[in-house]
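Novice: Start from the sequences, fold in the hints, and give me the full structure.
Residue 126 is where the sequence shown ends in our numbering, and the numbering goes up by one at each step.
For the record, the hints were derived by calculation from the structure and aren't laboratory data.
Where a beta carbon is used, it is the ideal one built from N, C-alpha and C, also for glycine.
Label-pair distances were calculated between CB atoms; the ranges are: (1) Arg38 to Gly91: 30 to 40 Å; (2) Phe51 to Arg95: 11 to 21 Å; (3) Gly63 to Arg41: 18 to 28 Å; (4) Leu61 to Ser83: 15 to 25 Å; (5) Ser70 to Glu93: 20 to 30 Å; (6) Arg81 to Phe51: 13 to 23 Å; (7) Gly91 to Gln39: 36 to 46 Å; (8) Arg92 to Gln39: 29 to 39 Å; (9) Arg81 to Ala24: 16 to 26 Å; (10) Asp90 to Gly40: 30 to 40 Å; (11) Val59 to Ala33: 18 to 28 Å.
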Amino acid sequence: MGDDATAARARDDAALLVVDRVAIGYRRQGRYLPAVGEASFQVRRGEKVMLLGPSGCGKSTILKAVAGFLRPSAGRIVVDGREARSRAPTAPWCSRSSTSCSPGAPSSATSPTRCG
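Specialist: Shown next as structure tokens:
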């Protein structure tokens with residue numbers, strides 16, 4: 011029983027989302043255009059996080075990569091212990107029609123939160 015409790019505590023303390031040295035860019039007319047230079051942060055279960063910055067700084071681009079719609083040029087994204095590697099959505103709480111994610115509420119997996 012002690013091992014189960016220890017494993018549960020470790021799972022609860024583990025980061026739900028890890029964005030580790032992620033760079034994202036696009037190819038346009040044969041040229042690489044960086045959208046996100048290098049981003050790193052972690053979100054633990056129960057935490058609420060807001061990405062702030064001026065227009066065009068890469069907030070939505072990072073969320074699209076977290077959701078699995080974009081592949082980072084460098085770095086890694088880990089969602090709930092699994093490394094996001096494909097273009098298929100990796101985060102069940104993210105909506106293809108929106109760039110907002112709500113990992114704090116499990117019910118949002120069936121009803122993603124949209125922000126204006």
